[in-house]
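Trainee: Residue numbers (the numbering used here), protein chains in the order written: chain S, 3 to 351; chain Y, -12 to 333.
It should be emphasised that the hints constitute simulated quantities derived from the structure, not laboratory data. Honestly, I wouldn't trust all of these hints.
Claimed, not checked - Taking lysine-lysine and the DSSO-like style, the derived pairs with C-alpha atoms no more than 27 Å apart in a straight line are:
{"hint": "1", "chain 1": "Y", "residue 1": "Lys112", "chain 2": "S", "residue 2": "Lys91"}
{"hint": "2", "chain 1": "S", "residue 1": "Lys77", "chain 2": "S", "residue 2": "Lys91"}
{"hint": "3", "chain 1": "Y", "residue 1": "Lys244", "chain 2": "S", "residue 2": "Lys120"}
{"hint": "4", "chain 1": "S", "residue 1": "Lys91", "chain 2": "Y", "residue 2": "Lys43"}
{"hint": "5", "chain 1": "S", "residue 1": "Lys120", "chain 2": "S", "residue 2": "Lys106"}
{"hint": "6", "chain 1": "Y", "residue 1": "Lys112", "chain 2": "S", "residue 2": "Lys106"}
{"hint": "7", "chain 1": "Y", "residue 1": "Lys70", "chain 2": "Y", "residue 2": "Lys80"}
{"hint": "8", "chain 1": "S", "residue 1": "Lys77", "chain 2": "Y", "residue 2": "Lys112"}
{"hint": "9", "chain 1": "Y", "residue 1": "Lys244", "chain 2": "S", "residue 2": "Lys106"}
{"hint": "10", "chain 1": "Y", "residue 1": "Lys237", "chain 2": "S", "residue 2": "Lys91"}
{"hint": "11", "chain 1": "S", "residue 1": "Lys91", "chain 2": "S", "residue 2": "Lys330"}
{"hint": "12", "chain 1": "S", "residue 1": "Lys120", "chain 2": "S", "residue 2": "Lys91"}
{"hint": "13", "chain 1": "S", "residue 1": "Lys106", "chain 2": "Y", "residue 2": "Lys80"}
{"hint": "14", "chain 1": "Y", "residue 1": "Lys237", "chain 2": "S", "residue 2": "Lys77"}
{"hint": "15", "chain 1": "S", "residue 1": "Lys113", "chain 2": "Y", "residue 2": "Lys237"}
{"hint": "16", "chain 1": "Y", "residue 1": "Lys284", "chain 2": "Y", "residue 2": "Lys244"}
{"hint": "17", "chain 1": "S", "residue 1": "Lys18", "chain 2": "Y", "residue 2": "Lys112"}
{"hint": "18", "chain 1": "Y", "residue 1": "Lys43", "chain 2": "S", "residue 2": "Lys18"}
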Amino acid sequence: MSIEVCSVNKTFNQFKALDKVSLKVETGELVALLGPSGSGKTTLLRVIAGIEAADPGSGPILFDGRDVSAQEAGKRRIGFVFQHYALFKHMSVFENVAFGLRAKPWRLRSKEAEIRAKVGELLQLVQLQNFAQRYPSQISGGQRQRVALARALAVEPRVLLLDEPFGALDATVRRELRRWLRKLHRRIHVTTVLVTHDQEEALDVSDRVAVMNEGRIEQFDSPEAIYDSPANPFVFKFLGSYNLFHARKTNAGDAVAASPADAGGVTFVRPHDIEIRRENSDGFGIAARINHIGFAGSLVNVELARIDNDTVVDAALPAHAYKDLGLKPDDRVFIRLRNTRSFDEDFSI
Amino acid sequence: MAEELAAQTQTTGAFGNPPPSGHPLIRRVMVATTVIFLTLFIVIPVVNVFAQALSKGVDAYVRVLHVAGPPVGARLSPAERRKLAAERGQAEKTWSSIRLTAGIAVIVVPLNIVFGLAAAWSVTKFRFKGRAFLIALIDLPFSVSPVIAGLIFVLLLGRSGVLGAWASSFTWPDPFSLHWRGFAQDWWPLAFTRSFTGIIFTPLAIVLASIFVTFPFVARSLIPLMEAQGSDEEVAALSLGASGWRTFRKVTLPNVKWALLYGVILCTARVFGEFGAVSVVSGHIDSNDTMPLRIEKLWNEYNNQAAFGVASLLAFLAIVTLIVQTIVERQTGKSEMRQVEEEGTQ
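Pulled out of the complex, with its shape left as it was, chain Y reads as follows (with noise of 0.2 Å):
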């Protein structure tokens, strides 16, 4: 019974102080248990990816990025020069892999908020046939393993795949070869100089398979805050003469955006950090590394310090992520405080 009491009170009064719970050796013990955990499994291994990233020095840390030019008037061995060639294009390839992690990023994560709004707009806003079955669909994803999926791509899209005829010989443009080409041509100032022609083992087939993985992210939060707050307002706006347009921006999506921005922040995190799907239909091409490929590929080099070091990216950014979304859910809590209170006061 008091249990009971405790776990109402935990789930209706939540932000105020935590109830007392239980004997204090249990608590302890819980708390201990829970930080030695953590420790172990998360913190030693993120210190350690800094630690070994950095157990070369600072100037071999820089390195991994950015290899100075030989001082001038210096005279290098032929030895010297290869080794300095050589690094200098280890340098390049981690650059060439943050620059197409980034770009793909940029491509998958505005898709997959319009993707995941979609979604979670029909599947909340309407009642129809195979609603359920369109809420498994969006959540499976989650339960298929990513190396899965990206054999699913390489099937699908393959030489010998079901699509393999046409997609083997599709030509499309690389959107960093976008340049500055002038009046003189065209009216159309801009131009590529460089295209792709197939879809899969190019740059195209991760950026797909990081849709297929990560469009649960932003529907998946999306979708419980939606479904309490049903669609009074939206019908209010609607009946008060606003467009469809109108009552999405002004109404909807004010009342969603810190969950949508906090489905944002996982999304990113997963296409900054997918490895098993993209190293799939990647084909293990240089030009086709992310930074979680160009990783192994460091590691498979024995290049330990290097390979830390680009991982050391990714655990700054994971870390970054972690803040932004701390912030964010407090902001959601607020929100659904705010909410909690208005219901109770009905």
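For reference, chain S alone in the conformation it holds in the complex (with noise of 0.2 Å):
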């Protein structure tokens, strides 16, 4: 089912957590909200959820075409996951997950044995049938959030609803439950969206990704066209590190070897985009001396200062450049930049 936000506004005392966001969301597509805290990502799934009312005057929100913003988050059919799993502290998991079906009006109610037999497939599918009668005091973080997603599952949601799912785990089980995610995802083909404020969460399970700023969506598109071809500064900073040169870029070669800040454009680039070398054999490098250097298991992140304005860059190699080079602390090398990203606007960091 398509979820249509329509120019949405939501103000929280003056706080305007959306302003004016618009979204569209295709059947069966996996989309994440990305955004720092405080940007509106989950007030504008709460909105879609129907947990949060947005404001009057805000467009309509549409369920494959028809409106769905006077509806209560009950009738929506939507599953919503929490960040703190909110599983209920006193029913065991197999009661947990039966609750939706059981919480259906007399008419529309199974059998017992038709909610048993459901369940009992809902754990094989988030694979905890052998928790059934557990607490969920008893089972680890990552057991209890695919509780809460079997939970949201089983009332059959035509919109899959997940806020910070991962966001209480360790790194471990983040990267385990992200790909058991995807791996459901395409399996059962609900439309999702999900929302994160990890960047590489978000681009590797996600079709598509809305970068979120400040109530607004700054860019929306897939993994690849975020973070190849950000709209703008915001969203470069936001997906990974960077340098930042206050210069603009004037041609292919010539990166930004000028340091003067001209005509107020900047100009980014990725630590993995500095390459590093010992002879500045074109003339286009960017003298630098080497002032630390920190292991990072296969990357290896180098510190450096431009021996012409002092500023610092910090470039990511891989470990067998790196061994090639040679480097050590002091070295005197020259940078070049690859990919680097150009942007009008100046604005302070």
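Make the complex out of the two chains shown on their own, each in a separate frame, by following the hints.
Mentor: In structure tokens:
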């Protein structure tokens, strides 16, 4: 089922959480809402769910072209998953998953045997069939989130809404669960919107990413497009570490060697797009001194300082390249920039 | 630094062994002070209540509540007969006070459960203007002297009060007079035979005063817990299509049941024990006496042993309350610990 949000506003005590946000999610798509805290991504999700009402005067929220903005959350047939699971503490895993089935009006309620079969099936789906009789306090965080997902899926939602679903988990479990979610989505193919502040997660798991900032959607595109051609400095900055040069890129070969901030332009380069060379063979390299070398597994982070104006440049190069160059602190080298992105407008850091 | 650490372990790892604290001498002095204080101010008076109540023997103690008739065929002198009648009158008044107190508790406690839940719910699950003011208002009966609380009702509902004209002609049936009438007269088989007119100086005023005085107990014991729990679980239940009532019954209530029971215990204990407010609105009419008022009257009549006899019933109730309270506290502690654990593993 497709979701369309049309020009929605939401204010909390004069704070504009959503500022005329419009978004269209296609049927079966997995979309991530990505942004820093306070950017309005969770608010947008809650407005879609019907947990939060949009301000009067906002546009409609369409599920498959039908306006649902007047419906309450329970009527919209959505599955909502919370960051902190919100499992019912005093109910077993089984009862948690069965809650939505038992809450239906009695005319629509299935028989006990059917409920049991359905819950068993869902627990199989989230690989927790052996935990049915446990209580939420007796299982791990990752397992809890899977129970929450099974509980949400029990009512056969038309839309799955996940609010920072992996935010409370540690890094390994997180990556595992993310893969698993991707696999699950391929299997059941329900339209899914996921809120996250982790760019890696958003880029890895989703079909399209909406980057949000200060209540607006800055860019809504595929992960590659978002990463390779960010629409504005905010998107570039938010998607990973970067180096900033207060200069415009003049032409392809000569990057931003010139230091004076001419014409107010700015240029961004990712650390892994900074090349370190021993020789300045074509004359376009920028002379720099190595300040510090830090190991980060497959990558080596090198902190350099430009000789001409002492600004710090961060580079990240593969371990083998680092070994080939044989870099040491205080070495003098030359850096070249690849894949630079220049923006016209000036802004403060 | 060490103290800080100790304090931290005390707050975070609470339910294990208590952390070693300071010098053993300090510990001993502290424990001894506490024990001496509690003995002086609580244990001795409570033991004294029972001792005084039993000072004239078990028979006399029983006679506070129940005076047997003269043995069959016994001939009593007029003086003896008068004495027996007086004793029976006293016992009857004592029973009436027990019935009234229990009846008031039966009305007040359920009402305060409803009010307390509603207040705690609205204050913790919603954010609105005047929320802080409402919380302060809930606490108001704690900060107002009970006598003043009683006076408020007298000034409001008394003959010359603001609502006096309406209140003094207000007629309401006496619930104790409800009896089975049968279907002969009407389709409804129950009827009241007595009714009261007016509010102040009737049991209804005692109910109102008791509600006022005990209102904060339930709300106060729920608010911190409900605040800590937030409303995610409720929102989850609603999003799964549950109705508001089902959400309340299946999700909210089980989460707060121990705290609620704790509040109910405190509320009940206070309803039984409240003196000041009730004393003002009862008008010192014998039929309006609750147990504490009855104790005062017996005491004023120099019937010390009987006064302590009724007091011993209240003391007994207090001890039962204490035991139940300890059990409930252990349960709330457990559920809170479970919550802490859960948050810890997140």
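Trainee: Each of the hints needs a verdict: does it hold here or not?
Mentor: Here is how each hint holds up against the structure:
no.: 1; hint: Y/Lys112 <-> S/Lys91; verdict: holds (18 Å)
no.: 2; hint: S/Lys77 <-> S/Lys91; verdict: holds (24 Å)
no.: 3; hint: Y/Lys244 <-> S/Lys120; verdict: violated (30 Å)
no.: 4; hint: S/Lys91 <-> Y/Lys43; verdict: violated (55 Å)
no.: 5; hint: S/Lys120 <-> S/Lys106; verdict: holds (14 Å)
no.: 6; hint: Y/Lys112 <-> S/Lys106; verdict: holds (24 Å)
no.: 7; hint: Y/Lys70 <-> Y/Lys80; verdict: holds (15 Å)
no.: 8; hint: S/Lys77 <-> Y/Lys112; verdict: holds (21 Å)
no.: 9; hint: Y/Lys244 <-> S/Lys106; verdict: holds (25 Å)
no.: 10; hint: Y/Lys237 <-> S/Lys91; verdict: holds (11 Å)
no.: 11; hint: S/Lys91 <-> S/Lys330; verdict: violated (56 Å)
no.: 12; hint: S/Lys120 <-> S/Lys91; verdict: holds (21 Å)
no.: 13; hint: S/Lys106 <-> Y/Lys80; verdict: violated (55 Å)
no.: 14; hint: Y/Lys237 <-> S/Lys77; verdict: holds (19 Å)
no.: 15; hint: S/Lys113 <-> Y/Lys237; verdict: holds (20 Å)
no.: 16; hint: Y/Lys284 <-> Y/Lys244; verdict: violated (39 Å)
no.: 17; hint: S/Lys18 <-> Y/Lys112; verdict: holds (22 Å)
no.: 18; hint: Y/Lys43 <-> S/Lys18; verdict: violated (77 Å)
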